[in-house]
Amino acid sequence: MSKTKLELTWIGKDKRPKLEPRILLENPELSYHAQQRVSADDRFDNKLIFGDNLLALKALEQDYAGKVKCVFIDPPYNTGSAFTHYDDGVEHSIWLSLMRDRLEIIRALLADDGSLWITIDDNEAHYLKVLCDEIFGRGNFVANVVWQKRTSPDIRSTIGAGHDHLLVFAKKIDIFKNIVKKIPKTDSQIKAYKNPDNDPRGVWASSDYTAQGFRPNQMYTIRTPSGIEYTPPTGTCWKNIESVFLTLVEEGRIWFGKDGKSMPRRKTYLRESEGQNAWTWWTNAEVGHNQEAKKEINAIFGVQNTFETPKPERLLQRIIYISTNPNDLVLDSFAGSGTTGAVAHKMGRRWIMIELGEHCHTHIIPRLKKVIDGEDPGGISKAVNWQGGGGFRYYSLAPSLLEQDRWGNWVVNKNYNPAMLAEALCKLEGFTYAPSDNQWWNHGYSSEQDFIYVTTQNLSHQQLEELSAEVGGDRSLLVCCAAFRGKADAFSNLTLKKIPKMVLSRCEWAHDDYSLNVANLPMARPEPERAAQKKTHPKPANTAQNDLFGTEP
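Read left to right, the sequence shown gives residues 145 to 697 (our numbering).
Treat the hints as calculated values from the structure; they're not laboratory data. For every residue, glycine included, the Cβ atom is placed at its ideal position computed from N, Cα and C. Wrong hints could be hidden among the right ones.
Said to hold, decoys possible - Once the Cα atoms are required to be at most 30 Å apart in a straight line, the calculated DSSO-like pairs of lysine-lysine come out as:
1) LYS211 <-> LYS321
2) LYS335 <-> LYS316
3) LYS513 <-> LYS162
4) LYS631 <-> LYS641
5) LYS211 <-> LYS326
Unchecked claim - Quick list of the computed label-pair ranges, beta carbon to beta carbon:
6) GLU395 <-> ASN469: 45 to 51 Å
7) LEU174 <-> ASN553: 33 to 39 Å
8) GLN179 <-> VAL528: 17 to 23 Å
9) GLN607 <-> ASN553: 21 to 27 Å
10) VAL388 <-> LYS526: 41 to 47 Å
11) ARG181 <-> ALA527: 56 to 62 Å
12) THR450 <-> LYS526: 21 to 27 Å
13) GLN531 <-> PHE358: 34 to 40 Å
14) ARG359 <-> ASN469: 33 to 39 Å
Let's have the full structure, built from the sequences with the hints guiding it.
Dropping the structure here:
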């Protein structure tokens, strides 16, 4: 009998791309750093990557697996507006496949105590939840936070949407729950602390001393200072066993009301409070809303150069504060207008952002420059006393390692120089690229005794013999070359492979775009009545629809 499991299925689920792990190329002209240090905590090793975000995630996998503390993504919501003319169901299947491929790499990038936060609306939220259950494990689901994104109902809808979902998953929830921080109390919450009994420990707030459920050793009678006796109400018990309760009374941490006749309540002192646990209802008063986010963007770029779907900085501040500490690494692979990087930068976290759209250059880079120069007074700047500093490096994805020549043969891309080729093959073979200054044949390593050498030369038997002697018997070397003479196993310390044959079957070469371009979707067959209408009243195609995972078609 075959084993079955609960899972979400869709058209094309079994199809998985054979991703090429590209190398990243820095463009120093687009990288940016402060002229001087503002503090000892300035971070300069942040990364802004321009390119397809699935390929970029794959490019990060080898170096960053298990190192990212928090991933926030604001993926395309798949609202259906981009699919008016296309087969119903096709777009949902493609959207799920695109998300699945990205989420699997994101999970690999997360540290054991890391977490993923995804904003999404009702169109795909529930499918996405099941998809994440499958990838992360249902037991690692943390919460579905409801973010109040609007300040008033949408009058165009039958029931206007006032919220987005914020799905939260942990890499390993048992570890994650031990690092989650409490939220600092707001001014209004602090005002609720009083000191009616002149307690020398200062102002305090009280909480119910009962707990849900039945525990025999927490079912005792409590006598108040005025002599009134209380037992737990039906369906509850006291929060602690009796000996703990008596200790709290002795320490003056139990409140029976001004007249000493009320049911006991536990006192919590403001000076001992670390804040409060986050819950799943985040109001726009606490973390901002869409209009606030638009104002933040407009203040930076002006209303003529706005961004359609930004997130407020306060929302990212709460996410990053809860899930990370200073110097932790934050990743956003759908960078949009760059809010995640801007907030992470101001909060002293390291960050990586990925964006394919041209707003990487029109919005993200100018925004980050203002942050680094201390010229961004908006958002959370005042709350964190941001003064500027730090920097980032700009990277783009290298072209595909292999390309076809005019006869259709796969050859090394002519744009690759020797260093790029060596780095690319190191990544493909699982080696760390680290060219040695002393050993001409050492381009990288996989262990203390295992190295790699990359060359486009045809190596003779004599050359291989001399190379084998120099490597020595206590080390091993993978030799990647255009061709070699002799048997591949002639030298025990050398492993010989030919370029590009050694990697031909590994990846989908020369595939640069894994985004969803709606123009490439199959057209729906019109119903007879609609077909007739189209013949008499032709309707122009919408050519301005945005790709869901990339740029405009």
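Worksheet item: Is the gap between the beta carbons of GLN179 and VAL528 within 17 to 23 Å?
Response: With Cβ atoms ~21 Å apart, the hint holds.
Are the Cα positions of LYS513 and LYS162 separated by 30 Å at most?
-> It is violated: about 36 Å lies between the C-alpha atoms, which goes past 30 Å.
Could you grab the alpha-carbon distance between LYS335 and LYS316 and see if it respects the 30 Å cut-off? violated, 37 Å
Honestly, do LEU174 and ASN553 meet the 33 to 39 Å range at C-beta? holds, 35 Å
Item to check | Outcome of range test on Cβ distance (THR450, LYS526; 21 to 27 Å) | outcome: holds, 22 Å
- Verdict for GLU395, ASN469 (Cβ pair) under range 45 to 51 Å: Given about 32 Å between the Cβ atoms, the range is violated.
Notebook entry, point to check: Between GLN531 and PHE358, is the Cβ distance one that fits in 34 to 40 Å?
Noted result: Because 56 Å falls outside the window, the suggested range is violated.
(Q) Please verify whether LYS631 and LYS641 have alpha carbons no more than 30 Å apart. (A) With Cα atoms ~11 Å apart, LYS631 and LYS641 stay inside 30 Å; holds.
Satisfaction of the hinted span 33 to 39 Å by the C-beta atoms belonging to ARG359 and ASN469:
holds, 36 Å
In this structure, is the beta-carbon distance linking ARG181 and ALA527 contained in 56 to 62 Å? violated, 22 Å
Quiz prompt | Restraint check for LYS211 with LYS326, where alpha carbons must lie at most 30 Å apart | solution = holds, 23 Å
Original post:
Range hint 41 to 47 Å: satisfied by the CB atoms of VAL388 and LYS526?
Top reply: For VAL388 and LYS526 the Cβ distance comes to about 43 Å; the hint holds.
Checked against the numbered hints given earlier, this structure breaks hints 2, 3, 6, 11, 13; the rest are met.
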